[in-house]
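Protein chains in written order, with the numbering used here: chain L, 1 to 231; chain Z, 1001 to 1216.
There could be a bad hint or two in this list.
Stated by the list, open to error - Cβ pair distances, simulated, as ranges:
(1) D1018/Z to D174/L: 29 to 39 Å
(2) T1109/Z to G153/L: 35 to 45 Å
(3) D1018/Z to S76/L: 21 to 31 Å
(4) E1049/Z to G111/L: 26 to 36 Å
I should point out that these hints are in silico values taken from the structure, not numbers from a laboratory.
In this text, a Cβ means the ideal position worked out from N, Cα and C, and glycines have one as well.
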Amino acid sequence: MNPGAPGDALASASLALARSFHGGATLWCWSPTWPSHADHVAVEFVHPVIVGKPALPSVAVRSREAADRLRSAALSGDVVVVIGDGGDLAIADVVQRAPAWGVESIWLAFGHPPPGDTGAHVVWLGADAGQADVVCAYHLLWELTHVCLEHPGVLEVGPTGDTISCPACMDAGDLGEIQSLGCANDTDAAVMVGGLTQPVDLSLVGSCEPGDLIVVHAGVALTKLAVSVHD
Amino acid sequence: MTERTGFLYPFLDDAVDDPAALLDDLARSAAGKWAESLELRASSLEDLEGALTGAALALAVRVAAGGRVLVFGNGGSATDAEAFAQNCLDASPRPIPALCLASEPAVLTALANDIGVDAIFARQVAAHGRGHDVVVAFSTSGGSTNVLAALDRARALGLETVGIVGYGGGAMQAHVDHCLAVRSDSVHRIQEAQTAIAEALIAAASQHVQNLEGDR
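Same shape as in the complex, but just chain Z:
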């Protein structure tokens, strides 16, 4: 038996076999969720204005001093981390050096096989982390044990830590210097808001790095 999506679609009868009626209901539902997503992105950016400014400045100070961004997450958050790294490299006016620790199947499978999944990211932070680096962690729940372990390792090494997280921050709040938390408990809506937050963070940080370098 699979869990049904019925709770998401109380207006749908399981016995429906008229495609037109189903399409009508689905289109209406999609439009509602699209609007919900736009609203959550806008309210998250507004709520996090101060935290975003702080995180962008801290990130920029590190990068201007020669640091890089190490970014990671599990599953869909791994792909969000990869997008974050690409967006850093493409950032304007000043590209930000970034590595995605979730994009290396050889390293990930070696760690999972030889040590265990909790070593994924923490071991890479230990290998890559240098004085001025910044760690950016993506998690929707805020509770992934390997992500929290990697953040703890980063802090022990003296790296700056940023969390982009859902569920109001979850356990991650206690493991990062800058917590950018979305107040939602829908994984999909959280990821959409995280994408908007990441774009805002990178745009602001890129500008700050350029300004810091110009002041020298």
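Next comes chain L alone, as it looks inside the complex:
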């Protein structure tokens, strides 16, 4: 049974997307199950159906390996809209890592319910949602985003203070993704935090590998986080 119209979730996601476009973002679109829908979202934004609406930057990610593509191609402040099953671990993995790349996520989810605290703007379309529901959801995302863009009063946002806490000591920090190890010495790593790569001291967290997610505060890794496992 479907949960009914996802009006509130679409409205919040649209406002977030409009604010990001206002700040210069590119929208990345990824639909691993039905790749053509990512292309459809991109053409909606780049070449609007209503004549005279502004063209907004949007690109489809065709690869199943969206993480590699977004990590290298997306810029801090960009947004990714993902269309896919809430139980897809590859999607959960991208959504979890996205803040380290400085990228905000919108997940149009169907099938299995998505995990609780993903950090994404989740728009839940229901267990039985089909492709027509998905198309309707991204059409409305496009439309509501343009409505928000016509109301400049709602677009300015202050610093978000988007920090996470170390589960052990509750110290605040930022999500970091380890890019490579040992750039200066054995306990040093190059870590991407909010889209920028910086040296981080790993001595408090023990052995790490590239791809691991850590909580970073003042150049020091506080803890290592569990990651979504996928093949």
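Using the hints, position chain Z against chain L.
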């Protein structure tokens, strides 16, 4: 100056700067359009019951005889065509061979550059089309000249033609054997209904192909 969406949102004041009030209005509007979309999909499937049966049978007869589906459209309809091809290949109980003519940037840009956009799809139909093939065209307006030209080329080659179209059928009605038309003039609602129609067509055709093959 950009065209405003004000006509879609007469209740919104341009000067609004309270995000909570805006979100409230947008959520209500989205819920209304969601319901409208569901209703149009249901009524379209009901109105088109006979036409869908005819198109699915004709498509199945061609495929059972060794034909394929060639599918195309412009813009958002190009992506709908690509979804159609993928859904054909994934169809159960019997996959349907399908090619999307809108998914090849090298061919599309070559044709646009060397001949012109009106050759896009018609030239590909000429290259790919064989006796038992079926052409499926997506258009919201029904008036895209390159799509109509490709349909005419397909008919000249003796292919079966199916149009999945909005605005009650538009000009396309006169260019196809089977016209599956949505009665709406909202491009987005039309595309959502077209998606539902396409799924119904593929599901029925897949079953018919299996039945035809089983009767041999």
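key: Numbers of unmet hints, in rising order   = Checked against the structure, no hint fails, so every one of them is satisfied.
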